[in-house]
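Novice: Spelled out from the first residue to the last, the chains are:
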Amino acid sequence: MLATYLFFGLALLAVLGALGLILFKHPMNGAMSFVVTLISLAGLYALLSAKLIFAIQLIVYAGAIMSLILFIIMFLNIQERDLPIDSNRWFYLAGGIIVVAPIAGLMIKIAKSLPEEHPELIDGFGDVKTVGHLLFTEWLLPFEIVSILLLVALVGAVVLAGKRGVN
Amino acid sequence: MSAELVLSGAVFIGLALAIPTIMVLTAVFGPRSGGEAKNAPYESGITQVVGMADQKFSVKFYLLAILFLIFDIEAVFMYPWAVSLRELGVFGFIEMVVFILLLLTGLIYILKKGVLNWR
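Keeping their order, the protein sequence lines are chains D and G. Heads up, the first sequence is in this note's numbering, so the first residue is 1 and it goes up one at a time. Heads up, the second sequence is in this note's numbering, so the first residue is 1 and it goes up one at a time.
Worth flagging that the hints you see were computed from the coordinates, not collected in a lab. Just so you know, even glycine gets a beta-carbon here, dropped at the ideal spot from N, CA and C. Be careful, since some hints might not be right.
Now the in silico label distances, taken between C-beta atoms and shown as ranges [stated by the list, open to error]: (1) D:LEU134 - G:GLY114: 34 to 44 Å; (2) G:LYS60 - D:MET28: 17 to 27 Å; (3) D:TRP139 - G:THR105: 37 to 47 Å; (4) G:VAL90 - D:ILE148: 21 to 31 Å; (5) G:VAL97 - D:MET1: 40 to 50 Å.
Chain G extracted, bound-state conformation (with noise of 0.2 Å):
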């Protein structure tokens, strides 16, 4: 079999069959149990609950998740030239230096600004 069909075919076998039968299945053998003091926040010590769990979250994390997403989007990158590093030897080693370098003036422009102190 191809690789091809094995990389589909595990994607809809795990979109299609794994996850709705696990979601299934723990559905009718999870236990269930109900009850005022079970289903209260904490069972003794705080007794008056403060705000909903469901909060607004600061903007901070955003701008955290878009630097997520630049230094995914470098990871990408080098796994086609970890594959084929072989080949290309110096000149590709070289290479990846100079891309990885110039996001390294990125990362070090965010230490700077602070972007990543949390108070």
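The shape of chain D in the complex, shown without the other chains (with noise of 0.2 Å):
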């Protein structure tokens, strides 16, 4: 009972967050709710016992990625008389409706089809312990090739970000 309390109001928390990220017209007040989102979405992870993952949402995304995003509003710099006068917007905010009511639609569909019993968690599910193991004994040579991979990014950065003469 408790944990379908907590998931309205995380959910509640998650929406007004998007809401505040597409509705304030100052990008760091956008930001910020942003950040509210992605709190509360790894709240209601840790709600399907996804214990790494919540941990996960809140180091990279809540963490790092935040501050990515923060970066590029400070390197930009809006100020308020920067931004453009947008008298089309609930025309854009109608058609953006529209593409998204598909996507909806499917999600909509997706939850009516879910199953009604619940099916029993399997011990430790989305434990720390337990994807730690399955990691780094089934999935090993996934879990090396994620070094290459953030080792590419890592060049990639610094290659592209090289180029425009950082001085």
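Both chains come to you apart, so use the hints to assemble them.
Specialist: In structure tokens, the structure reads:
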């Protein structure tokens, strides 16, 4: 019962944060609402007993990705006067709703096709220990390939950023 | 109470109750003072303000943020590894050494490239 209340509370916070992200005029306010969404998503992951994903959501998304977004906002340094006067705001909003509507329909279809009975979770589902054990025994090769992927991303970032003459 | 409920409950209480409460309390109880002297950037000495506080940052900082993200993901992989290290034994240790050595070459690369040099 408590889990249901928590789910609705966190879902409401996530939706409110997402609304703030698109409705706030100043980018910094939008970014801060996005943090609310990311953190409440972490809470939802915890409700799904995905404890490792909960930690990763907080460390990587609410931490590192958010700092990237804030850095972009600080580089561009958008002032109130730089923002365009979007008089067609409601027109664009309606267009966006039309584009997203099929996805929402698909989501409702998925939600309706979910099984009624709750399947029993295996012991230690989503635990940091269980996932770690699986990752480092069965999924060893993908794990090592991840390090090469990260290396490629690192070199790519340095090469691409150096191109413009960082001085 | 299970760990799931504790974790998500802590997130909910923090987001929906604790942070707004702290913000409201600071707004209510915080001391307020105004005046020209208080709002001046410096009390004395510098009379001419140069530029604005919210100036643009060098793109160089952005590269640092990307590099931080990459090493952050590396650190995330160490979390499940550290928790199940006892079961994995020496084999698991060697796995992580290979992983870190591969990323260490990346660190050496950015050091040689002089990305971390400030001037």
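Novice: Taking 37 to 47 Å as the hint, is the beta-carbon distance of TRP139 (chain D) and THR105 (chain G) inside that range?
Specialist: About 23 Å separates the Cβ atoms of TRP139 (chain D) and THR105 (chain G), which means 37 to 47 Å is violated.
Novice: Given a hinted range of 34 to 44 Å, is it respected by the beta-carbon distance of LEU134 (chain D) and GLY114 (chain G)?
Specialist: holds (40 Å)
Novice: That 17 to 27 Å hint for LYS60 (chain G) and MET28 (chain D) (C-beta), does it hold up?
Specialist: With a Cβ separation near 21 Å, LYS60 (chain G) and MET28 (chain D) satisfy 17 to 27 Å, so the hint holds.
Novice: In this structure, is the beta-carbon distance linking VAL97 (chain G) and MET1 (chain D) contained in 40 to 50 Å?
Specialist: holds (47 Å)
Novice: Hint says 21 to 31 Å; check whether the CB-CB distance for VAL90 (chain G) and ILE148 (chain D) agrees.
Specialist: Taking Cβ atoms as reference, VAL90 (chain G) and ILE148 (chain D) lie about 23 Å apart, which means the hint holds.
Consistency with the previously given hints fails for number 3 only.
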